[in-house]
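> Here are the chains, one letter per residue:
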Amino acid sequence: MRAIQPLSVIDLTMAYDDFILQQNISFTVERGDIFIIMGGSGCGKSTLLRHLIGLKPPQKGKIMYADFDFWQADAAEREKILQRSGILYQSGALWSSMTLAENVALPLQRYTVLHPPVVRELVEFKLSLVGLNGFSEYYPSELSGGMRKRAALARAIALDPELLFFDEPSAGLDPVTSRHLDELILELRDSLGATVIMVTHELDSIYSIGTNSVFLDREAKTMLAVGNPKTMAQETENPVVIDFLTRGTGKRPR
Amino acid sequence: MPVESPAWLQRDVVCHLWSSLHFRTVTSSASYRFIPTAPGRSTLQLSGCWKASCSIPELDEIFGRLPAHLDHLKITAEDSLNWDSILLVFLSHFLDHCRKKQLAVDLTGLPEGVQSLLTLARKSTSRPLNKEKVQTGMIARLGQGVLDIFARGRDLARFTGEIVTALVLLFRGKAYFRFRDFFYFLQNCGADALPIVSLISILVGVILAFVGAVQLRIFGAQIYVANLVALSMVLEMGAMMSGIIMAGRTGAAYAAQLGTMQVNEEIDALRTLGISPVSYLVLPRMLALICMLPLLCIYADLLGIAGGSLIGVWMMDIPLYEYFVQSKKGLHMWQINQGIIKSTVYGVVISFSGCYQGLHSGRSASAVGEATTSAVVMAIVLIVISDAIMVVIFSL
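First to last, the sequence lines map onto chains A and B.
For the first sequence, our numbering puts the final residue at 254, and the numbers step up evenly by one.
For the second sequence, our numbering puts the final residue at 396, and the numbers step up evenly by one.
Source of the hints: derived by calculation from the structure; they are not laboratory data.
Please note that a few of the clues may not be correct.
The calculated label-pair distances, taken between Cβ atoms and stated as ranges, are [said to hold, decoys possible]:
id, chain 1, residue 1, chain 2, residue 2, range
1, A, T246, B, D71, 35 to 45 Å
2, A, T246, B, E112, 27 to 37 Å
3, B, E78, A, D243, 48 to 58 Å
4, A, L106, B, R154, 35 to 45 Å
5, A, S91, B, R178, 48 to 58 Å
6, B, A68, A, S91, 24 to 34 Å
Just so we're clear, the structure is a prediction, and the values are computed from it rather than from any experiment.
Don't be surprised by glycine CBs; every beta carbon is placed ideally from N, CA and C.
Hey, can you work out the whole structure from these sequences and the hints?
Next comes the structure, spelled out in structure tokens:
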């Protein structure tokens, strides 16, 4: 089995037609990292994620999964890599016409040849991992926002992925729920041995679970800092990064 | 002096030997063995591949091999154990069984990831709330159906009422009404619909002429093809065909637009601003279609007659001029007006169906799809019903 970590991005330029969003982006994600992609609104965090998960080709530069150039590979190879990744979209992106069980079952049906009863049991198990056992027959529209996020997480981990991508997992959740979600992500990372790549601007999450990060800036159109967010907050000299990491107060966390 | 080993140990050693022999040959599959540690205590050692791609032993099989008189079981794993969620599902069931048998299980010998995931899954914070399917008898379902019809009727009446009040407010200049939207929809359901309406009406004219020609030629009355086409286009087909095209084209679009707005809570946002979605969203759409459908109907009438003339001129050698004079002779202004009145009514029912279904759509992708379907079905049914009613009224 080919190990797909670490993920590395080499000299990436992201652009919408002529409008350059970010350039000269390079970083490496180590195995077991919780890698945070942060930056102010509109700086291209989500776009970077879309590049990583194969939804938008880069204008320039490479995205390497292990020694494997993601965007040079053909579609089938790319799919093989994505099959080992779980993705949690910003608004959950659960299929609204399917029950939770069907939502979680679809990746399993797509990529494995398990018997339906086994799939059902796996689905129940995944839902119980995120604390949603008993909700398998519910439709996404019947759930609260936090439950929908957790259900989407269950779908993301359906295939025991090695790489987990999160797009603002705690957006729209209350502080307690979002802390629970952080803990859950940590727990799943440790138990599944996965690597997490997360777009977020929740400072609490960034400090409490992030082990490595990259800071993108809209004005500079490039990354301003790379590294562990806690050290970054202590050591960076860049005023924009300090502003962001201290919520504009300039007081560095201890 | 050799100490004779106790009976329980001998039996388990045999079992152990047997299972290790048995499983050594199949390295890629899930394997396990019981290792006795003390009287009443045993260790279940897992090894091999416990993954979705391997075959996992049945629970019954394992419990069948369980040493007798056991009250404590420790589960351990070999270092080389290969696992994914299938192992967790298996262990989850295994633990449920053990709990039923009141067998104490020690999981500390398992990899840490397995332990923590199992704890997480069995923490079971949520109460099983799965919906019960209420079984109802036929009478109850029938009753519910009737009540639903009444509820639906009330909804329709309320929506009609809202439209009327919005209209009154509009004419008194007190409604929020976006003229930009109105002009956009005018173009959208007027000029933009011309190509499809042209194509269909010409073809309908051709078909009518063709069918009529075959019959009329028998009597040598080919010239009356012109009357036939002109009358049927003006009285029925012009209004009907343009109505059905617009039901599929515009009515469906209205339902989908409003349904998606409902999903995105855009309608709620309007309501909380104190803006009636009916006057803000429904009226521009409705008025635009009501203005445009009669014009489309006249256009369809003309093109239908032109289509008929193609057949008349080419197949039946009627001079073009004579064909049009004959068409004109066969028509009265009142007949043309009938078609225009009909198409105005169709404009009302199409936009009504589209907007009603869109505003009453559920909040999911499939619900928007259902709303769109019902909008088209409702529009076409209403078109045919209102046509029948108007035909009767006009013939009085």
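> Could you check the hint for me, namely that A:L106 and B:R154 are 35 to 45 Å apart, CB to CB?
holds (39 Å)
> Regarding A:S91 and B:R178, is the given constraint of 48 to 58 Å on their beta-carbon distance met?
With a Cβ separation near 28 Å, A:S91 and B:R178 fall outside 48 to 58 Å, so the hint is violated.
> Is 48 to 58 Å a correct range for the gap between the Cβ atoms of B:E78 and A:D243?
Holds - the Cβ-Cβ distance for B:E78 and A:D243, about 52 Å, lies within 48 to 58 Å.
> Is the gap between the beta carbons of A:T246 and B:E112 within 27 to 37 Å?
holds (36 Å)
> Does the Cβ-Cβ separation between B:A68 and A:S91 fall within 24 to 34 Å?
violated (55 Å)
> Given a hint of 35 to 45 Å, does the C-beta separation of A:T246 and B:D71 actually sit inside it?
The hinted range 35 to 45 Å is violated for A:T246 and B:D71, with Cβ atoms some 58 Å apart.
Of the numbered hints stated above, those contradicted by the structure are hints 1, 5 and 6, listed in ascending order.
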